[in-house]
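Following the hints, put chain Z in place on chain A, whose structure we already have.
Here is how the chains run, residue by residue.
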Amino acid sequence: MSSFFVQTVWIVPLYTLLGALFSILWLPAITSRTGPRPAGYVNLLMTLLAFVHSVLALTGIWNGVPQKLSITWLEVANLQLTLPLEISGVNVAALVVVTGLNLLAQLYAVGYLEMDWGWGRFFAFLAYFEGGMSVLALSNSLFFSYIVLEVLTLGTYLLVGYWFNQSLVVTGARDAFLTKRAGDLILLMGVIALLPLAGTWDFTELAQWANSESVRQYAAAHPTTFTLLGLALIAGPMGKCAQFPLHLWLDEAMEGPLPSTILRNGVVVATGAWVLIKLQPIIALSPTALAVTVGIGAVTAVGASLIAIAQIDIKRSLSYSVSAYMGLVFIAVGTLNDDAAYLLLLAHAVAMGLLVMSIGGVILNTITQDLTKLGGLWSRRPITAISYLVGAAGLIGFPPFGGFWAILKLVDGLWDKHPWLLGLVLVVNALTAFSLTREFGLVFGGKPQEMTERSPEVAWTMVFPMVVLLAITLHVPIILHNLSLLPRWENLHQQLTPLVVWSTISGVGIGSIIYLNPLWKKPIQLPFKPLQNLFAYDFYTPQLYRYTIVLVVAVIAKVTDWLDRNVVDGLVNLVGLATVFSGQGLKYNTSGQGQFYLLTIILGLTVFLGLLTAGLIQLSF
Amino acid sequence: MQLQLQYFLLLAAALFCIGIFGLITSRNAVRVLMSIELLLNAVNINLMGFSNYLDPQGIKGQVFAVFVITIAAAEAAVGLAIVLAIYRNRDTVDMEQFNLLKW
Numbered sequence: 000m001s002s003f004f005v006q007t008v009w010i011v012p013l014y015t016l017l018g019a020l021f022s023i024l025w026l027p028a029i030t031s032r033t034g035p036r037p038a039g040y041v042n043l044l045m046t047l048l049a050f051v052h053s054v055l056a057l058t059g060i061w062n063g064v065p066q067k068l069s070i071t072w073l074e075v076a077n078l079q080l081t082l083p084l085e086i087s088g089v090n091v092a093a094l095v096v097v098t099g100l101n102l103l104a105q106l107y108a109v110g111y112l113e114m115d116w117g118w119g120r121f122f123a124f125l126a127y128f129e130g131g132m133s134v135l136a137l138s139n140s141l142f143f144s145y146i147v148l149e150v151l152t153l154g155t156y157l158l159v160g161y162w163f164n165q166s167l168v169v170t171g172a173r174d175a176f177l178t179k180r181a182g183d184l185i186l187l188m189g190v191i192a193l194l195p196l197a198g199t200w201d202f203t204e205l206a207q208w209a210n211s212e213s214v215r216q217y218a219a220a221h222p223t224t225f226t227l228l229g230l231a232l233i234a235g236p237m238g239k240c241a242q243f244p245l246h247l248w249l250d251e252a253m254e255g256p257l258p259s260t261i262l263r264n265g266v267v268v269a270t271g272a273w274v275l276i277k278l279q280p281i282i283a284l285s286p287t288a289l290a291v292t293v294g295i296g297a298v299t300a301v302g303a304s305l306i307a308i309a310q311i312d313i314k315r316s317l318s319y320s321v322s323a324y325m326g327l328v329f330i331a332v333g334t335l336n337d338d339a340a341y342l343l344l345l346a347h348a349v350a351m352g353l354l355v356m357s358i359g360g361v362i363l364n365t366i367t368q369d370l371t372k373l374g375g376l377w378s379r380r381p382i383t384a385i386s387y388l389v390g391a392a393g394l395i396g397f398p399p400f401g402g403f404w405a406i407l408k409l410v411d412g413l414w415d416k417h418p419w420l421l422g423l424v425l426v427v428n429a430l431t432a433f434s435l436t437r438e439f440g441l442v443f444g445g446k447p448q449e450m451t452e453r454s455p456e457v458a459w460t461m462v463f464p465m466v467v468l469l470a471i472t473l474h475v476p477i478i479l480h481n482l483s484l485l486p487r488w489e490n491l492h493q494q495l496t497p498l499v500v501w502s503t504i505s506g507v508g509i510g511s512i513i514y515l516n517p518l519w520k521k522p523i524q525l526p527f528k529p530l531q532n533l534f535a536y537d538f539y540t541p542q543l544y545r546y547t548i549v550l551v552v553a554v555i556a557k558v559t560d561w562l563d564r565n566v567v568d569g570l571v572n573l574v575g576l577a578t579v580f581s582g583q584g585l586k587y588n589t590s591g592q593g594q595f596y597l598l599t600i601i602l603g604l605t606v607f608l609g610l611l612t613a614g615l616i617q618l619s620f
Numbered sequence: 000m001q002l003q004l005q006y007f008l009l010l011a012a013a014l015f016c017i018g019i020f021g022l023i024t025s026r027n028a029v030r031v032l033m034s035i036e037l038l039l040n041a042v043n044i045n046l047m048g049f050s051n052y053l054d055p056q057g058i059k060g061q062v063f064a065v066f067v068i069t070i071a072a073a074e075a076a077v078g079l080a081i082v083l084a085i086y087r088n089r090d091t092v093d094m095e096q097f098n099l100l101k102w
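Residue numbers (numbering that gives the first Met the number 0), protein chains in the order written: chain A, 0 to 620; chain Z, 0 to 102.
Extracted from the complex, chain A is given alone in its bound form:
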């Protein structure tokens, strides 16, 4: 029976896409009398089906042999485009995470979007997203993964631009689309350049190709080619995972509706990392590309966690933590620690989803997202507060939760070769711990402020998915243990384990001293104000974009437009104008004087005869 579910697991994306189609029925333009709620219920049902199916498939495949399915998409001349699906434990587990988080986020959205009329559109977009991510989880082809990444880019644009009557939403959706698009386009260059080299886009075959001895020698002989190839392949995930310098979109995407933020922060940014992990054998062919991967990840991890500390918008503060964790994934991939990267993705998806859910409940009832206007919610919002605490514990290196094992595995892999990266990961862990503690202190600790004086707990539709996710976060270490993914107690690294714990303790401790201590005066001012502003304004990235890329493109666009309007159009217009003016000028030859006509006739005849005689004379000689 379970083999049946394994065989048909490719149907999972179709459930959600079917849900997306059904949602259209409840668009306000089609069903205006009875409201849009059934759109949400249908999608919940479809996602539930998808989730149950993938869980059943997972039980069938976990210890089994990976299976492959292949559907021919297009055959032309020498190119065969097949859509290979890999049904392995990891892929189906990713499918379970995607559908499970979607199920919870959609139930959450039923509560969060209570006062909203756009359910048809929202749930259709959400289901579209879920379908895309499910295909990506199963796809075993770089080409089709690229297609799905683009599908998700469009989905991000639509979902961030959900409330399009707000101007910041429109600019945010624009930036999210263009930034990710730029990365995806460079990825496409890499994808296309890879085909003549490897002759395949199948991830498994690509890995075999990259690991063969002849290819290694070839790569060593042509370092530039493989460096450029690696860089192009990194660029796509770089934009998707909101890494420096393509990170601004995630900040601006926080203008979108919160239930989609759960997904974005949890899984969507992870799609880029998913592709990056699968591409790791090819990137590993070039030491430069590996170094760049690590560099990008390191800069993003440190920079984004510093920025997160300086934010006053609670959603944005979390979004920079997402960038920082994706930076850790980049470091893991760059240092060839695949297992740590998968673990990080899992721990991050669950914990970050929980954090955003908890924060969403706070935002819905206190209206403001401003950390300086929140406070004192601990006694009245215990479930939300505990969810936040568990989410934070699951994210940072806090034993025995998931994040701890992921970070421990990562630093374990860095121990021998990259000691300074090990320090960096510990610093990022401490900074994130500090940042999350700061948010906790400002939101739940302290005294209630004007905005938080009356803040009831939210409805069950939002609390229930939150608590379920809380339970899952708590169970992550047990699940990992049962799957024997955790190191045995006696194998624990004797020096590293205390280091990770101490970095967490220092972050949480300093955060608590500053933000949970009512004696410490808030808001905190750094002694050097410009530095604080530098972090608070995200290293002035919007200005950086505006004065580099955007400026250059705008100037070139204006110059080209001017050239087209004046030079190209002008040349063609000049032909017309010359004809018009010559007609206008030459008509004065028709002077109306009969004698002038006579003169013209005589002159013409004379010239003609003159030429004729000249010719005759020449002929005669």
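The hints are simulated quantities; they were obtained by calculation from the structure and are not laboratory data.
Yeah, the Cβ is synthetic: ideal placement off N, Cα and C, and Gly gets one too.
With the Cβ distance kept under 10 Å, some of the chain Z side facing chain A (calculated, not the full set):
hint, residue
1, I23
2, T24
3, F97
4, L99
Here are the simulated distance ranges between beta carbons:
hint, chain 1, residue 1, chain 2, residue 2, range
5, A, F595, Z, E74, 16 to 24 Å
6, A, S581, Z, Q3, 46 to 54 Å
7, A, A613, Z, Y6, 19 to 27 Å
Sample of chain Z residues facing chain A (criterion: CB under 7 Å; computed from the structure):
hint, residue
8, M94
9, N98
10, L100
11, K101
12, W102
Same frame as chain A, but now just chain Z:
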């Protein structure tokens, strides 16, 4: 000095040129008609010259000249009638006043 055909032709050409000059520069319409007569007479001299020097037996040129003189008379009559008709309408025979049919 022997009178040669060339001299007749040159004289006729000179007369023709004078006629052309008068035809194009005269402002009086009657003088234009007179210039046309000069042209026709230059042609007649040509015809007579060729007839005498090249075709003394057939003298077809002289027959042509008789026809030309006849037609020229008729043409002058019609021309003067036209000038008169225009004069009746416009009270002038100045060629530069007859420029209504321009661009």
